Amino acid sequence: MSTANNNQISLDDKLYTVRRKGLKASHITLNEQVCKECTKRVCTYICPAEVYMWDEAEKRIDIRYENCLECGACRVACDCIEWSNPIWGAGIVYKNS
Amino acid sequence: MASRSLGIMDTRNVLEESLNDVSEKCEVVIIGAGPAGISCGYVLAKGGVDVVILERGQYPGAKNMFGGIFYSNQMNKLIPNFYNEAPVERFVAKKHYSMLVDGSEIALSFESEEHKKPPYNHSFIVKRSAFDKWFAQKAREQGATIICGVTVTDFLWDGKKVAGVTTGAGYDNALLADVVVCAEGANSLLSEKAGLRNRLSMRARCIAVKEVIGLGKDVIDERFGLTAREGAAYEYFADVTPGMLGDGFIYTNLDSLSAGVGIVVSEMYGQENPVSPNELLERFKNHPCVKPLIKGGKILEYSAHMIPMDGYKNIPKPYTDGLLLVGDAAGFVNNSVCHEGMNMAMASGMMAAETILKRRKEKRYDARALGLYEWLLKDSFVLKNMKSCRDFIDILRTHKEVTNDYPHLLKDVLTKFFEVGEVPKSVVKSNIFHMLRKRINFVKTAKTFASLLKNGI
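First to last, the sequence lines map onto chains A and B. When we follow my numbering, the leftmost residue of the first sequence carries the number 1154, and every step to the right adds one. When we follow my numbering, the leftmost residue of the second sequence carries the number 990, and every step to the right adds one.
Bound-form chain A, shown alone:
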């Protein structure tokens, strides 16, 4: 755990504070062809968990779906993202929010 008076706490440290029940499969899909041609890449900065990362070498978006906080903002910001709620109680389990 990090102290709040550090200048910057890494996002990974923050995500580590969230309890989860493991996801068996990705609940997010996107259209790779559209991603290749996309110039805005809003998914890479709209997500509070930075689930979406542009891989320059592979020319594709990497999805770290297991970090998802289930807010759904990515789906609102980008029409090519298909997002569904994790099933059977998987995903985030907030204990302090």
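Don't read these hints as lab results, they were simulated from the structure. Please note: incorrect hints may appear among the correct ones.
As the list claims (entries may be wrong) - Below, simulated DSBU-like cross-link-like pairs (lysine-lysine); rule was C-alpha separation at most 30 Å, straight line:
1) K1182(B) x K1177(A)
2) K1350(B) x K1150(B)
3) K1014(B) x K1035(B)
4) K1122(B) x K1248(A)
5) K1182(B) x K1189(A)
6) K1376(B) x K1443(B)
7) K1248(A) x K1150(B)
8) K1066(B) x K1248(A)
9) K1014(B) x K1149(B)
10) K1193(A) x K1182(B)
11) K1433(B) x K1376(B)
12) K1122(B) x K1174(A)
13) K1127(B) x K1347(B)
14) K1174(A) x K1182(B)
15) K1376(B) x K1182(B)
16) K1084(B) x K1389(B)
17) K1287(B) x K1174(A)
18) K1177(A) x K1122(B)
19) K1443(B) x K1400(B)
20) K1302(B) x K1182(B)
21) K1035(B) x K1352(B)
22) K1035(B) x K1248(A)
23) K1206(B) x K1248(A)
24) K1127(B) x K1248(A)
25) K1287(B) x K1248(A)
26) K1248(A) x K1105(B)
27) K1248(A) x K1418(B)
28) K1122(B) x K1066(B)
29) K1287(B) x K1084(B)
30) K1248(A) x K1284(B)
31) K1083(B) x K1248(A)
32) K1149(B) x K1350(B)
33) K1389(B) x K1193(A)
34) K1174(A) x K1127(B)
35) K1389(B) x K1418(B)
Predicted model, so just to flag it, every value in this text is computed and none were measured.
With the hints as your guide, set chain B onto chain A.
Coordinates of chain B only, in the frame set by chain A:
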């Protein structure tokens, strides 16, 4: 449903079997155990209805998050003096509205002795993971069945009427109901499937991130000037989300703080130098006027959620044949400075229950019969408050100077005014007046503020 052949003809269905094969049935199914869903379930169960609430989290509250302020009139009606037994963190004794401008702060603080006595102005700070769990237990005690760890993925349709819900392929996963109440929350995927909404637009949602920061009760009391169960609600505007519509907040829990930032999604889209919600929160926490408040705290939990910004003019029709939308799913949030959400969720849940109880005698749940729900909403504070501040967001959207330029101007004016020196005050005042004349058009500014007062608050 008995002997009628109800083949699934629609592509909206995931069930391959016919509804006849579904054996599980109840009177009312509610999707989601948040404040809207639980309130609805509570009232229905109390009225003797066979009601099942399906919650996708491992327990009620596991997937729920909000800023922290709960207006509790509805709860107090349902469970009088609930705050004596419910897990509330603190009541709101102090309200603090602040503009952050560069490294400075301009603030208005309000503390009223009348609000420090029961029922504490119906304003409490709560953590949803604890509070929703408690409230769900209260609904269970009334006779509601709550099943957790179950994600509703689609509706079952009997022609054009919603006839139940499904949680996956196969009739084992289907549950029939006379009427369905959708309390799925701000990420309203099912409301879209029901055809009551288009795919959510970027203007219709705000993305909010929050950290719960652990800090001793004594430290919090001292820093915020509180005693016993008094709490503080600090709201921050202007440079928290530079150039974008949004705000920041710090609310005091008992022995932790909730610090967060919310930004309208459309405002983030296409920025020249994109900043993520997490980065905005970090900047907010490191502002020289905010940093001392959270100093030394440990992050207990990071969370994110969307906030409906549909507004009065864009809320969906909240009912169709066999289905009612309540709470965030229906966009019932007052986006003005009052931040009403959970109270509207509860009120709408209770009105949905009232509608169902009225229509239960004839067992009529078609759209015409359920239209009563909308009448109740129109007659209540839910739609009245949303109506009275219907232009708030639009005014701020089209008058960016209100959040971008005026706070800077005000800061410059105050800096000049309070500056200690040997320049005569008459000269200072004249300088300030010239500065104002140069930077604003008085008539235009007055008009903007008049419209904000009229249709904004």
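Check your understanding: Looking at the structure, which of the earlier hints fail to hold?
Key -> Violated: hints 7, 27.
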